[in-house]
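A.B. asks: The residues making up each chain are set out below.
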Amino acid sequence: SAVISQKPSRDICQRGTSLTIQCQVDSQVTMMFWYRQQPGQSLTLIATANQGSEATYESGFVIDKFPISRPNLTFSTLTVSNMSPEDSSIYLCSVHQGGGYTFGSGTRLTVV
Amino acid sequence: DQQVKQNSPSLSVQEGRISILNCDYTNSMFDYFLWYKKYPAEGPTFLISISSIKDKNEDGRFTVFLNKSAKHLSLHIVPSQPGDSAVYFCAARGLDSNYQLIWGAGTKLIIKP
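Which chain is which? The protein sequence lines are S and H, in order.
All residue numbers for the first sequence refer to the working numbering, where the first residue is 1 and numbers rise by one.
All residue numbers for the second sequence refer to the working numbering, where the first residue is 113 and numbers rise by one.
So here's chain H without its partners, still in its complex pose (with noise of 0.2 Å):
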């Protein structure tokens, strides 16, 4: 059962727009939520998290908002640029999970020219 989903495999978005990552999950008593960017042969690195208590976090060009009702949350980039390609994953942390987290598949982004 997956708790945390990013139901978009890929995503491509042109140089200079708005990109809109999705991601679901199931489990209520998730607290934390993060973002992370992996590039091929690198560990991922973090971008930006959102605490369960907030719907909003901005960093730079980087947005995270967060829908508790619905169970959403979304990464907004803006401007888009070419070294944003790459597989961008969320990750959710519960209450009482001893800080592990729970990984939805990725999305991977294609910024175009």
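Just chain S, with the same shape it has in the complex (with noise of 0.2 Å):
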């Protein structure tokens, strides 16, 4: 199965910045998904980014405040833009390869 790099680990972010996260597959991968964790929370889908393609966004969720990225088939980034201590989570990557999905390590970012 794939893996994933993926990059801050961690962050504590000034309220109104914006930070970025990168995620690097060691092989080629169509489908790309970013997801969020809220504390105690499931994970829930931003969207899916497929290389070629504008990324599709879920409900709740908009292209100004989590732009994404997807220059190959090997690399994303999601910005959390305007941040608030709302956006405060777990923010992960993950791949879907072979019948299976996997994820990167995640980044918990904590907006003060």
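Note that these hints are calculated values from the structure, not bench results.
Cross-link-like lysine to any residue pairs, in silico, SDA-like; alpha carbons within 20 Å at most: (1) H:Lys183 <-> H:Tyr144; (2) H:Lys220 <-> S:Pro39; (3) H:Lys220 <-> S:Arg36; (4) H:Lys117 <-> S:Pro39; (5) H:Lys117 <-> S:Ser42; (6) S:Lys65 <-> S:Arg36; (7) S:Lys7 <-> H:Tyr151; (8) H:Lys220 <-> S:Thr44; (9) H:Lys117 <-> S:Gln38; (10) H:Lys117 <-> S:Leu45; (11) H:Lys168 <-> S:Gly100; (12) H:Lys117 <-> S:Thr44; (13) H:Lys183 <-> H:Asn119; (14) H:Lys220 <-> S:Ser42; (15) H:Lys117 <-> S:Gly40.
The task is to assemble the complex, starting from two chains supplied on their own in separate frames and drawing on the hints.
C.D. replies: Printed below as a string of structure tokens:
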């Protein structure tokens, strides 16, 4: 299965600023997903990022707040823009490959 | 509306005994179910899955049972080991979901020595 390197693993950010999270995959994958896990809750899908097309956002998530780039089949970024304390969460990237789903190690974001 | 529910936030089990984690779903269009384990500061790792055409799948100490009529699945871990202490997530995928998963809220399993 694919191996994903996700950075940063954690960050503390000031409100109003932006943070870009990166995921590098060790093989080419078509489908990549970005999730948010708020404290004590399940994983919520933010968007699906396929190379060569714009990301598809789920209800409640918009491109201006969570812009995503997918320049090639091994890399993607998620930016959390104009952050507020409500954006404090764990953010995870995931890929679908060979019938299974693999996750990055997550980014724990705290907004103060 | 939660389509995948894990009603037990936590479960404590004696080492060596069986751990049973439960998951209920509401969408009859789900055709594939997965269980993941998550340690703190790590991403979820895949444990076991089951297709809707089966009612049981086994892999070592892990067995998943699917009861389609009850829209219920369970993960059995036997025997439970200290390293099994983690949060367990149930996830489901629909027939026409573009490979997107719907997740339960997770159950924290604590294995007592």
